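Chemist: Residue strings, one per chain:
Number of protein chains: 2
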Amino acid sequence: MGAWSFLTQTMRSLWLLLIPCLSLSLAPFVQTEKGLEFPRYDGNDRVIDINDKNYKKAMKKYSILCLLYHKPIPDGKELQKQHQMTEMVLELAAQVMEEKEIGFGMVDSHEDVKVAKKLGLVEEGSVYVFKGDRVIEFDGLLSADTLVEFLLDLLEEPVEVIGNTLELRAFDRMEEDIRLIGYFKNDESEYYHEFKEAAEQFQPYIRFFATFEKSVAKELTLKMNEVDFYEPFMEEPVTVPDRPNSEEEIVAFVTEHRRPTLRKLRAEDMFETWEIQLTSQGLIKHRRTFLLRCSDGYEFLELLKEVARDNTHHPGLSIIWIDPDDFPLLIPYWEKTFHVDLFKPQIGVVNVTDADSIWLEIDEQDLPTAQELEDWIEDVLSGKVNTEDDDDDNDDDDEDDDDKDDKSDKKL
Amino acid sequence: MGAWSFLTQTMRSLWLLLIPCLSLSLAPFVQTEKGLEFPRYDGNDRVIDINDKNYKKAMKKYSILCLLYHKPIPDGKELQKQHQMTEMVLELAAQVMEEKEIGFGMVDSHEDVKVAKKLGLVEEGSVYVFKGDRVIEFDGLLSADTLVEFLLDLLEEPVEVIGNTLELRAFDRMEEDIRLIGYFKNDESEYYHEFKEAAEQFQPYIRFFATFEKSVAKELTLKMNEVDFYEPFMEEPVTVPDRPNSEEEIVAFVTEHRRPTLRKLRAEDMFETWEIQLTSQGLIKHRRTFLLRCSDGYEFLELLKEVARDNTHHPGLSIIWIDPDDFPLLIPYWEKTFHVDLFKPQIGVVNVTDADSIWLEIDEQDLPTAQELEDWIEDVLSGKVNTEDDDDDNDDDDEDDDDKDDKSDKKL
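Protein chains in written order, with my numbering: chain A, 47 to 458; chain B, 47 to 458.
I should point out that these hints are in silico values taken from the structure, not numbers from a laboratory. One or more hints might be untrue.
In this list, chains with the same sequence are indistinguishable; a pair is considered to hold if it fits within one copy or across any two.
[What the hints assert, rightly or not] Pairs of lysine to any residue residues, derived as SDA-like cross-links and limited to a Cα-Cα distance of at most 20 Å, are as follows:
#, residue 1, residue 2
1, K242, K269
2, K269, P290
3, K127, G89
4, K164, G178
5, K123, A104
6, K123, P85
7, K382, D88
8, K123, N90
Bear in mind that the values here come from a model prediction, so they are computed numbers and not experimental data.
Looking at chain A on its own, in the form it has when it is part of the complex (with noise of 0.2 Å):
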């Protein structure tokens, strides 16, 4: 089973061949017929009012409960209407994962201050889910697709077992995310039990794989009892020191180690990754931004590994990659925040706290090389590069923006 959820979770994939015959069906394929149709809501109230009454009734219920803890349900027509798309992001989700014993719930911050005090919710606007005795906050973009998928990992073994090389092989590929690995005796054994342990602290963020057998160990140059610590895009692991480790050590090892120098930003866990910004450093901190639009991503992607492997060191350095394709939503609004023309490449430096930014001139046919880029971070860690602009400008321009289409839209 752990090989299977680790399989599924990295290369699932489905194949349909369609073989032509006779039918009296004129309809496009997915919305009518069997097999694929997408699922919309149903319009059924799945998602559960939670209150002092219910809370324990609805813990009991399901192996697993998610809980979005929002502010009071406002009055305002336009917040009322926000406040519902939210309900209906959670009501698909809940229709999706009703066969999985999933259960959704709301708590109303004012409302139901004492179950949200028992239950330890804090944070506006953020969803809990409660699996066993654990509760993971959800950090990635409330939306049903990226809720699902994220459940959906949650369901599966913490730990994937690789029991051969085809799987060693697709464990080569996830360069992406960050992952350990152990060897082990079996799955007897105590120190994949403490392994184990450890990866339930950390599912879905961040991978577990195991392995039990000699030669994958030997193809990961891993001793028994050995587990060993990939940062995305490294080309070679950190070993947990003093194996075998127990479930505290790895978990300290990992908290130490989690925050990488190049990352790649996912719906499933974006807002997690600016915490770990924020908390990597002991100190909450205010954070530059440097914003590149490239004109090859494939070309800058190696270029950008070659110079975050070369400043890894560099307790500063944190650098997110973002495939806006994976944020379509984002690209209008990247437009016009930075004022910049996303169909040119373009390197700017983004104060993130009001958005000024600042913006390299390149030649539109000839990138920047590792050096310059290399000099210019530099540049940009040493403060000597830095943005000046005034943000409140932004900020009247997107009212006016607004007030001007609104209006226009009601004189239709």
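Please build the complex by placing chain B on the supplied structure of chain A, with the hints as guidance.
Modeler: Just chain B now, kept in the frame of chain A:
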């Protein structure tokens, strides 16, 4: 511009370098700070209720107008909620695309019969996109993400210009897409103009590229005014005969050859992909569906490519590759509908009219070989492998489940 739209479509990437400095902010990053706020519906109505009086005004006002042609708003509370959800998808898309002067509206198939007839809206539930004198039916998944991505693609140049070998390498990596590329003297060329006119007929579903560089044309072995057609996952392109080609010749060729042997299912054109299956045989066909869940997507894709290349001449063969991670909402649905454990590798044939399915036993450690797969595909094509299950049972199961869960929810 053509070049950059090409680059952004294929290789957009953003890089964020986070540098710790002092700050007092304690709140999570993306939700509170500037530059990465995720667009959330602001509750303002932007979607226009289109009627006899206002549709001309709307057409004039926007460079692109998207109209959802929908059934009358139903009475039942459940169905109204369902309709509301669809409406909110449009509202969020309208909010995000406001800056781009793209308008959104809804046309009621009963109240607005006249308008619908004037505009040629026929299929309830479809979104019709009006751009200049073109009407494009949006055949993707009706989610804000997917619709916005589709519209952004539609805003780009119909032909993307490849100016150097760096861009050519990116073109080479696009094996998943149906694409054409032509070599022309310059952007004044009448044949380039014909090519561009043809491109507009298929934008954004099929991608058109052009080069004016001798060096690029040489690498592609393109003669002057020659156009090559690339089928997804095939190594060699097919050349459009009798160059130089008119718009009509290119349109006819693409229409005839667009149905691929192997294609990846994408949210932005999933319905269109199926409709190709419906029409490619000249007749409306009923399709039996072959579905495979394989333990290693990567190795297996290589295998499938082989089989597809060997059998690309077979008119009856059309394989759709689905990466379930692209459709998380469908994973529980597939598990339920096909009664299979997607945590194990599965190979089966599915009858798409009633979701009957039949599954092969596979040894978990041992994938089928290309030959075994080819033999089996032959058996499916010949009808030796087919489905016999009774679909009514499945339906009943589903309904029962829903009822059960509804009741138990209400109990709370």
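Chemist: So, for every hint listed, does it hold in this structure?
Modeler: Against the structure, the hints:
1. K242 / K269: Intra 18 Å, inter 61 Å, cutoff 20 Å: intra-copy only.
2. K269 / P290: within (10 Å within a copy, 65 Å between copies)
3. K127 / G89: Result: close both inside a copy and across copies, 16 Å intra and 5 Å inter.
4. K164 / G178: Classified as within; 16 Å inside a copy, 59 Å across copies.
5. K123 / A104: Neither way: K123 and A104 sit 31 Å apart in one copy and 25 Å across, limit 20 Å.
6. K123 / P85: Answer is between; shortest inter-copy Cα gap is 19 Å, intra-copy 28 Å.
7. K382 / D88: Answer is between: at 17 Å across copies they meet the 20 Å cutoff, but 36 Å inside does not.
8. K123 / N90: between (23 Å within a copy, 9 Å between copies)
This entry does not satisfy hint 5, going by the numbered hints stated previously; all others are met.
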